Amino acid sequence: MKADPIGVNSGTYFMDGDSACCEGALAAGCRFVAGYPITPSTEVVELIARRFPKIGGVFIQMEDEIASSIAISGAAWGGAKTMTVTSGPGFSLMMEHIGYAVMTETPCVFVNVQRGGPSTGLPTMPGQQDMMQARWGSHGDYEVIALAPNSPQECFDLTIQCFNLAERYRVPVFLMMDECVGHMTEKVVIPPADEIEVEPRHYTDLKPEDYYPYKDLENQVPKMIKAGDGYFVHITGLTHDERGYPAMNADAHQKLVNRLIDKIRDHVDDIVLLEEDGMDDAEVAVISYGISSRVASRGVRLAREKGVKAGQLRLISVWPFPEKKIRELAQRVKAFVVVEMNKGQIVREVERCAGGRVPTAGALNAGGAVHKPEEILNTIMGVAS
Amino acid sequence: MTDSAVVEEKIAGEVCAAAEDARLTNELEPYLRMDRIPHIWCSGCGIGTAVNAFVRAVIDSKIEWKKLCVVSGIGCTGRVAGYLKLDSFHTTHGRAIPFATGLKLANPQLNVVVFSGDGDLTAIGGNHLVHAARRNIDLKVICVNNFIYSMTGGQAAPTTPKGTIASTTPYGFFENQLNLPQFVEACGAVYVARWTTFHVRQMRKAMVECLNKKGFTFLEIISPCPTLYGRRNNYRAGLDEMKMFKEKSEIKKDADVRDAVMIPGEKIVVGKFIDRERPSFLDAMDEHYREVLKDAYHPYTGAMI
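These protein sequence lines map, in sequence, to chains Y and X. The working numbering numbers the first residue of the first sequence as 1 and each following residue consecutively. The working numbering numbers the first residue of the second sequence as 1 and each following residue consecutively.
Bear in mind the hints are in silico, worked out from the structure with no lab data behind them. Small disclaimer: the values here were computed from a predicted structure and weren't measured. Check before you lean on any hint, since a few could be wrong.
Straight-line Cα separation of at most 27 Å, DSSO-like style, residue types lysine-lysine; simulated pairs [claimed, not checked]:
id, chain 1, residue 1, chain 2, residue 2
1, Y, LYS215, X, LYS294
2, Y, LYS263, Y, LYS343
3, Y, LYS223, X, LYS85
4, Y, LYS215, X, LYS85
5, Y, LYS223, X, LYS66
6, X, LYS214, X, LYS62
7, X, LYS85, Y, LYS255
8, X, LYS66, Y, LYS207
9, X, LYS85, Y, LYS207
10, Y, LYS54, X, LYS294
11, Y, LYS2, Y, LYS223
12, Y, LYS54, X, LYS267
13, Y, LYS223, X, LYS67
14, X, LYS67, Y, LYS215
15, Y, LYS207, X, LYS67
16, X, LYS62, Y, LYS207
For reference, chain Y alone in the conformation it holds in the complex (with noise of 0.2 Å):
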């Protein structure tokens, strides 16, 4: 399905990643956006709430993120596509509704511009601090699926990807932004509208009396209802069964649990997204994502220019992780070094999918600032050698 135009901004702009985010989720069909103001993620929605009233959009400003974050649900079973908008303290707030939209089948998204943390932390600049939060952090086992965009243009096409693979999947998606990439103002081109795919919300087919909320699957993946057309569906928090109705025992809880899962883990090869540069002669695989990426590529290079066959690899899509990729790159590399913005996060998956083979290094820091190029260089030099 195309764009519908009256979201889309076409044209060349001159843009920070937190307007390209707005305009993403514009020209993907989002007509409902609840938020609370938290920086430096504030920006996405001052500028949804200028445009919405012009297209026929409403947003609403929610007295905390926990009532935004469930609001969304509840505006997707309503019938529309639905966003909030965050940084780290938001989302941990939030951690709870992500679990009932994953539970519900509710696709929604979460866009989290991330500051440092913990706590407080630093709201005015950057960390990658929240991405195991984004795996782990509601309660219960689950899968959902994370982008972290590197700069104001991927901040437009990655937020059209989130509502499309919310959409295919049924589950919550997250943008996961940084500070950064949020406020750096680049080159954005949005195409027109007749250029954009956007999934649309899969409809059953079946008759009210023939359907049940969780029986109609294709790919795993239920078919929806909209609230108010005679379905007259039962949607619950708690474990059910196909007809949506809480089921408490160990075999309905497997069966669901085991669905949520697969439903994410059978179709990893469609959400995957990577990047990669010099990796064909690779000996060091410099891993990356979000802004942090942006110097490692410096880093990769000067490290190539001291003889060293150094290599990027970025990830697009973080979860659900690339790990075939990664066991294969530990089948021919010889080092692994991977730069973030945090204590050591993704540097454990790495280490994880590598198995011992290989050694993996962090280079890491604390948030706050983005590495130095010096500072990867050295972490390959260091495994290099």
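Using the hints provided, position chain X relative to the given structure of chain Y.
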């Protein structure tokens, strides 16, 4: 099969037969998820009475059943959504109101009712109650107040009357309690009423008034909980608490919300407290943008795709 098992099976059979007889005569059956009956509520509980009145009120109000959604939070009253045969949503603890806000704003054609308990709506959900009432989101909030957290085992709630016993206040509750009509009136609700489960006709009428009124309406239903509140506070059976409601209730016309405070052994003021007009969130938004943006405004009719 042991003797006791035979007896149990016989009793189960009789219960089923009795349920079947009741089923054939129950005119509310089309509106309930009969495949989920029997429900989980204890005997003597007032929630079923409230649900019964609600279904009858929906019929009386003539609103379209298909466009009606019920949203609940967590707890005994939180289970209401699951027994009604309509689009029903059982959400997280305290968050029925913000979920309902999203549902209503995404599709303004829906009639959205929030049906939940006192602990859910006024303790953990208190902040959402404040702001939904303040914004006048077009939601019908029905709060079943049994003075206690029931499903978790009878702990104290913001509505627990002073001096009464709860599992977390073994020596009596000593905090000030929340007077719900006064609280929601101050927040801006356009309709505020209170009835007990003894007042079934008045409760049904109040529900019809809520359903037909645009804006944030709040109906408090005082309900017995013999299992966890009554048992510890001199009302051993559901009927004991109902008798107390009958004896202590004082019906007042246009009563002052300040009189709605509950003191054990004293009168319970019931009736309609507030019935006023204020623009709803969406009407106010529409009017404001029309005035400010003029032709640039794209009138909002819903966010559905």
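Q. Given the hinted pair Y/LYS215 and X/LYS85, is their alpha-carbon gap at most 27 Å?
A. holds, 18 Å
**Q.** Given pair status - X/LYS67, Y/LYS223, alpha carbons within 27 Å
**A.** holds, 20 Å
Q: Quickly compare the C-alpha distance for Y/LYS54 and X/LYS294 to 27 Å and report which way the hint goes.
A: Roughly 10 Å separates the two Cα atoms, so the pair holds.
Q: Below or equal to 27 Å on CA atoms is what counts here, so check X/LYS85 against Y/LYS255.
A: holds, 25 Å
(Q) Run the distance test for X/LYS62 versus Y/LYS207: straight-line Cα separation, threshold 27 Å. (A) holds, 25 Å
Q. Has the given pair, Y/LYS54 with X/LYS267, been kept, meaning a C-alpha gap of at most 27 Å?
A. violated, 54 Å
Q.
Check whether the Cα positions of Y/LYS223 and X/LYS66 lie no farther apart than 27 Å.
A. OK: Y/LYS223 and X/LYS66 at ~20 Å, within 27 Å.
Q.
Just to be careful, I want the Cα atoms of X/LYS85 and Y/LYS207 compared with a cutoff of 27 Å; is the pair within it?
A. Answer holds: X/LYS85 to Y/LYS207 is near 16 Å, not above 27 Å.
Q) Does X/LYS294 lie within 27 Å of Y/LYS215 when you go C-alpha to C-alpha? A) violated, 47 Å
**Q.** Restraint status (C-alpha distance of X/LYS67 to Y/LYS215 at most 27 Å)
**A.** holds, 23 Å
Q.
Y/LYS207 and X/LYS67 were given as a pair; does the straight-line alpha-carbon distance stay at or below 27 Å?
A. holds, 17 Å
Q. Are the Cα positions of X/LYS214 and X/LYS62 separated by 27 Å at most?
A. Holds. X/LYS214 to X/LYS62 sits at ~15 Å (cutoff 27 Å).
Checked against the numbered hints given earlier, this structure breaks hints 1, 2, 12; the rest are met.
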